[in-house]
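Trainee: Here the protein sequences come in this chain order: C and D.
Numbering follows the numbering used here, in which position 55 of the first sequence is assigned residue number 124; successive positions increment by one, without gaps.
Numbering follows the numbering used here, in which position 69 of the second sequence is assigned residue number 94; successive positions increment by one, without gaps.
It cannot be assumed that every hint is accurate.
What the hints assert, rightly or not - Ranges of calculated distance between the beta carbons of each label pair, as one might list FRET restraints:
#	chain 1	residue 1	chain 2	residue 2	range
1	D	91	C	154	37 to 47 angstroms
2	D	235	C	100	27 to 37 angstroms
3	C	154	D	66	47 to 57 angstroms
The set of hints was computed from the structure by calculation and includes no laboratory data.
Glycine included, C-beta positions come from ideal geometry on N, C-alpha and C.
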Amino acid sequence: MKPPSKPAIFLERSGYRQRRMMDALRVLPVLGVFLWMFPLFWPTGPAEHGIAEPVKMSSAVIYVFGVWVLLIAMSFGLRRILRATLEQEAAEVEEASGGEAR
Amino acid sequence: MASVNQLIGVSIAYVVFLFAVAFFAERAAASGRRGWLGSPLVYTLSLSIYCTAWTFYGAVGYAARSGMEFVTIYLGPSLVMIGWWWVLRKLVRIGRAQRATSVADLISARYGKSNTLAIVVTIMSVIGVTPYIALQLQSVTLSLSIFAGPDDAGGFSQPGGAFWIAVGLAVFTVLFGTRNLNANERHDGVVIAIAVEAVVKLVALMAVGIFVVWGIAGGIGPMMERINTSPIGEWNVDRSRWVALTALSAAAFLCLPRMFQVLVVENQDERHLQIASWAFPLYLLLMSLFVVPIAVVGLDLMPAGSNPDLFVLTVPLAEGRIGLATLSFLGGFSSATSMVIVATLALATMVSNHVVMPVWLNAQGNGASVSGDVRNVVIFARRTSILVIIGFGYLYYRFSGGGAALAAIGLISFVGVAQFLPAMLGGIFWRGATRTGALSGLIVGFVIWVYCSLLPSFGPDVVLSRELFEVGPWGVGLLRPEALFGIEGLDATVHAVVWSLTLNTFAFVVMSLMTFPGPLERLQGAQFVNVFDHSTQTRGWDAAFATSEDLMIMSQRILGPTEAQNLFRAEARKQGVRGHLPEPTQAFLQHLERELAASVGSATAHAMISQLVGGASVSVQDLMAVADESAQILEYSNQLEAKSAELSRTAGQLREANDKLTALSVQKDAFLSQISHELRTPMTSIRSFTEILRDTEGLGQVEKTKYASIIHGETIRLTRLLDALLDLSVLENGQVNLNVESGRLSEVLDKSIVTAQAGAMRPLTIKRRHLDEAIILTTDLDRLNQVFINLITNAQKYCAAQTPILTIEVHRNGENVSVVFADNGIPIPVQSRALIFEKFARIKDTEGDGAGLGLAICREIMTRLGGNIRYAPDLEGNAFVIDLPRSAAMAAQ
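Could you build all of it, start to finish, from the sequences and the hints given here?
Mentor: Given below as structure tokens:
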């Protein structure tokens, strides 16, 4: 016998999770901007400040592309998690307008 | 070494292949077998027209010159795609809801379907994109000239080659983009061809990259070593450019007409956008992945002074890989052709919809009711526009000498189109944005762009003199094109981006704040900003003047007979109308306008429908809908107001009732004390006289008789009082039995007067007109008599005149008979009149032995008899009117 309250808690949680995942999706570009603007803090050129070693090109390439991969993976993963919600929303629109639009 | 002719042959074969792909895709789409045609993969790949020849060749050159900076051009779009939820989602939803055909159409639709705005955006787009088209010509020409090599240099001249390439591209675009007579803006064939080209360029660039990394450098590790020891081996990026270019590329990604075309217009399903949100950044990543290795190896292998923009070609050639070089050439060719096709198509749509069609409609005079097929005009306009735009591109190429680095030209173009951003984003997020604001922002941004970016790009002394660069126009140093407001030392691109976009935004915001939008503008603004509210309410057409036939004729000319008929038939079915012509309802007109907008743009569609319909009517209700929330508040407050008015009315009535009750209660108290007094007085005298009679010895007979008479009189008085109370009580409870009989009114009056005057102390003169009284009544004559007696007695008692006169008049007004008893006494005070018919009512300051029941009894009697008694103020005295019902008089005749 199952206690009747358990499914309700489960639903609540999944609803909550979905919303937070939606938040994550929204905040992802902010993370992207931060990570990709981070190289602004790197020292440039050999002469500057005289102390800091300039960042090697290979490291820069790995960093920029690494961030890229990270963002793509997160975007992909979040869409997988939110697939049901997002597709439902889009499908509603398709139903409402798609029939007429060709 | 492959000869130029071989390459041209390969290119032509490739184009034929693409054409076949497009042709079969369109055939499949037409027969409904869309299948993978409408897949998210195709959508994502079609977005790749962002990567033009500028990416294919230019990115490597850019990296060879400035290191990692090249990647900013791809970071911006990646961020926009990853943040699709914020802007693209809304943009696509709006574009689809409004059936936007181009970025100009979207902006014009947002700001009240203004054609002026559409024209401005169109012109800016043409000017902004022309350098970009020139760039594609230049890159294809350059790549061909590389293959030509020094051996057959005589056989290939660059300007001539560019000309033929331009012609080829124009033909290609015309064939591809305007082949179908259906002028609807979606091009399945083109999209598929672009998707194929996207794959070709990706494969080509990655093939070169893989060859460079594993074929030349010998793996990832050695490649990294090589990168670190190369001239671009250290992080050396101008910080302001890093930020500005990322932002600029993001803005351009949204605003470029060709990107709008594939992102919004060709979008078939919002889910595709969701998938592209990670898939397109992945495509961009793959495109940029090998840029740095190719650049490093190119710098290493190629002789100093060779053009780094062509490393993608020259490195495989130098290594003797003809096949790879040919593939690479095809990749570059694909990038250039797909960009030119979509860009010119998008521009041609804008030019034909916003410039040619309005002019043509105007020139036709009678507008939409012209004869002939408008579609031919549209198609012709598009074809001409394509030729003209590619012609401009060629001229720019010739004029600029084809010398500038590819990246520089691309950036100029980006800054130009980025000027749409404030108007576009403002339009979809801010309801307060107005047409004037958008127009001012666009023009300010455009002027600054031309002055600070486009004209200086030709170099000193070509358009702008060297002197102007150094000291500014008319010697005003603050206006130097590359150091506006005296801010020197900024990078030219950063300088142009910062000033044009900030002043653009500033003008847009300030003018929007200062101006007031028109009704249609506000309506559209609300629809754009609140697109997710699923509000389908739009402004209405006043459909009274349009006939379905007119609309049908016009639609056939634009959509084509079959499509128009299908549309009308479907609507007729939906409305439940027999036949194939639906009623021109508002909903249908809106639907039709959107359909037409998909072909000729919203401003033109709006103009055509308004010519038939006689102007859009933006009704009060529509405006209420615009101000959705304020309308609700207004309605709510109206309801509240009505309710509060009702409440105060009810409260007034209650107060009146309460006042009456209070007055009655006071009267009743007064009466109770009166009646106890009335009862007590006779009782007291009866008691004392009976005591005298009982206790006093030796009373004389005369005295005994006298006292007994007093006792008798007092008992009579008591009886009368009790009779009256009893009578009223019986009447009020409805327990009377009416004794209906017929008799003359005059006789009743005679009897009443005799009875009333019997034993009267004061004489009362009674005036009558016997002629009028000759009416036979059928009613309870005794009761009527009682009423008359009461009124006459009242007149006798209370008439304060020196010689009291009572006038009795009988009126026969139509069906009713009324008897008026008017005396010449003092009128009853106004405040007392409402109460005289109430029980126990007695007028103050009047003497009398009545208990205040007389008139109450009269009223009850008259109600029982089906008549009425009322007080009619008379100038000289009081008048009581008795209305007898018709039936009483009728029966008598």
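Trainee: Indicate, hint by hint, whether the structure satisfies it.
Mentor: Status of the hints after comparison with the structure:
Between residue 91/D and residue 154/C, the C-beta spacing of about 42 angstroms keeps the proposed range 37 to 47 angstroms intact. Between residue 235/D and residue 100/C the C-beta distance comes to about 31 angstroms, which sits within the given range of 27 to 37 angstroms. Residue 154/C and residue 66/D have their C-beta atoms about 22 angstroms apart, which leaves the hinted 47 to 57 angstroms range violated.
The earlier numbered hint that this structure contradicts is number 3, and it is the only one.
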